[in-house]
Every structure is written in structure tokens, then in C-alpha cells.
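J.: Here the protein sequences line up with chains A and B, keeping their order.
The numbering used here numbers the first residue of the first sequence as 321 and each following residue consecutively.
The numbering used here numbers the first residue of the second sequence as 10 and each following residue consecutively.
Among the hints, a few may not be true.
Listed next, the stretches of chain A that the computed footprint assigns to chain B, with coverage defined by at least 3 CB atoms under 8 Å from CB atoms of chain B [what the hints assert, rightly or not]:
1. 403–417
2. 423–431
Pulled a few chain A residues facing chain B out of the computed Cβ check, cut under 10 Å [claimed, not checked]:
3. G323
4. V324
5. T327
6. L331
7. Q361
8. N376
9. K377
10. G382
11. S385
12. R387
Sample of chain A residues lacking proximity to chain B, with all beta carbon distances greater than 10 Å (derived) [unchecked claim]:
13. T334
14. R335
15. G336
16. L341
17. S342
18. R350
19. S353
20. Y355
21. G362
22. R375
23. F389
24. T400
25. L420
Rather than coming from a laboratory, the hints here were simulated on the basis of the structure.
Here a beta-carbon is modelled for each residue, glycine too, at the ideal position from N, C-alpha and C.
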Amino acid sequence: KAGVTQTPRYLIKTRGQQVTLSCSPISGHRSVSWYQQTPGQGLQFLFEYFSETQRNKGNFPGRFSGRQFSNSRSEMNVSTLELGDSALYLCASREGGSPLHFGNGTRLTVT
Amino acid sequence: SQQGEEDPQALSIQEGENATMNCSYKTSINNLQWYRQNSGRGLVHLILIRSNEREKHSGRLRVTLDTSKKSSSLLITASRAADTASYFCATEGSSGGYQKVTFGTGTKLQVIP
């Protein structure tokens with residue numbers, strides 16, 4: 321089976337812009353979670369989607385949003401980018417109680 | 010917010026030595042997992058231990074869990090240079106009726122050949 325695929329791998333944006341990141345989970349996995357990783361804060365949980373419904377959300381401002389499509393692919397959107405949004409954004413998929421399977425992330429740099 | 014705190018934050022050992030990393034958490038859990046991350050890449054699952062288990066082995070890995078102390082440890086025996094990576098503990102527990110996985114702060118391990 322193909323692993324979790326995240327696109328793009330790298331992204332450079334300017335403050336105030338918005339960005340959309342994409343995640344294709346492992347085939348058959350209905351749960352997709354997003355994490356933000358920064359050197360200072362470690363891995364912070366953003367949200368989890370299951371069968372197109374958000375079922376968990378972390379403590380992030382409303383500028384961070386996501387969605388999941390019927391084929392389980394997920395996107396996350398960050399509007400009005402701030403310098404502090406620079407991070408590695410990781411997507412992980414799972415099915416049932418299995419461990420998380422991570423993609424290699426999207427490295428977002430906000431200038 | 011972080012559920013788990015790991016120590017040490019960084020660890021440097023010689024090849025062949027054992028490496029021990031500790032994780033402490035705050036709330037009740039269903040299971041605890043350990044992941045590995047090579048620089049700039051995604052995390053890879055290593056081992057899962059359920060809340061009713063005390064010890065688990067997988068190859069050169071040994072994980073212990075003490076739910077009364079809310080702590081876990083990961084032991085890597087006979088380390089290799091290829092073990093150089095960051096290691097994270099993650100706790101899974103109930104949140105809003107669903108299971109949520111929350112990560113610790115990680116331990117950066119360097120194995121010197």
C-alpha cells in the first residue's frame with residue numbers, strides 16, 4: 321500500500337496570505353489527523369477528521385481550518401498567515417485503533 | 010498543550026551502549042505509543058503498550074509503563090548509528106467521546122559511531 325502523501329513538500333508564503341495543504345491517507349484509512357511541529361512547541365494537535373466530520377480539535381485559532389473529502393483525502397487551510405505559523409505540518413492517518421501513519425510533512429515558511 | 014514530557018531532551022551515547030528515554034504524562038490513558046522521527050521527516054511508529062500492560066519488547070526495544078506514576082520508559086539496547094533520531098512518546102485517551110493522540114516533547118538521540 322502507498323503511504324501517507326502530503327503535498328507540497330515545501331512552501332514559502334508571505335504574512336497575510338493564506339495557504340492550503342493536502343494529505344492523501346493510506347487507502348482504507350478513514351481517520352486523518354493534523355499536527356503542527358515547531359522547535360519550541362513540539363508536536364501540537366490541530367484536528368482530526370473521520371468520514372468527512374471533524375471529531376477532535378486542538379487549541380488553535382479559527383484561522384486554522386480543515387476538511388475531509390469522501391475519498392478520505394484531507395486539506396488544511398491557514399488564513400492570514402503570521403510569522404509564527406512557520407512550521408512542519410504533519411498529517412497522519414489510521415483505521416480503527418491502529419497506530420498513526422505519518423506523511424513526511426509540509427514545511428511552511430512564512431516571511 | 011503537551012500531554013507528555015520527556016527526558017532527557019537530548020542524549021548522546023557511543024554505539025553499542027544502551028539508551029533510555031523517559032516519558033511522563035498527566036491524564037488517564039488507553040495506551041502509550043513511541044515514535045521515531047528522522048530529521049525533517051514524518052514520524053514512524055515503534056511500539057504500543059496498553060494501559061493494562063507493564064512491559065513490552067520489540068527487537069532491541071523495551072518499553073515499560075507505570076500507570077500509577079503516569080510514566081513510561083523506552084530502552085534501546087546495543088544502539089547503532091542508524092538509531093540517531095528524535096523519539097516521541099504519545100498518549101491515547103478519550104477526548105469528547107473519541108480517542109485522541111497527544112505527543113510529548115521528544116528526546117533527541119545521537120549515537121556516535
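J.: Give a verdict on every hint.
T.: Comparing the hints with the structure gives:
no.: 1; hint: 403–417; verdict: holds (count 4)
no.: 2; hint: 423–431; verdict: holds (count 4)
no.: 3; hint: G323; verdict: holds (9 Å)
no.: 4; hint: V324; verdict: holds (7 Å)
no.: 5; hint: T327; verdict: violated (13 Å)
no.: 6; hint: L331; verdict: violated (14 Å)
no.: 7; hint: Q361; verdict: holds (8 Å)
no.: 8; hint: N376; verdict: holds (5 Å)
no.: 9; hint: K377; verdict: holds (9 Å)
no.: 10; hint: G382; verdict: violated (18 Å)
no.: 11; hint: S385; verdict: violated (18 Å)
no.: 12; hint: R387; verdict: violated (18 Å)
no.: 13; hint: T334; verdict: holds (23 Å)
no.: 14; hint: R335; verdict: holds (23 Å)
no.: 15; hint: G336; verdict: holds (27 Å)
no.: 16; hint: L341; verdict: holds (14 Å)
no.: 17; hint: S342; verdict: holds (15 Å)
no.: 18; hint: R350; verdict: holds (13 Å)
no.: 19; hint: S353; verdict: violated (7 Å)
no.: 20; hint: Y355; verdict: violated (7 Å)
no.: 21; hint: G362; verdict: violated (5 Å)
no.: 22; hint: R375; verdict: violated (5 Å)
no.: 23; hint: F389; verdict: holds (20 Å)
no.: 24; hint: T400; verdict: holds (23 Å)
no.: 25; hint: L420; verdict: violated (6 Å)
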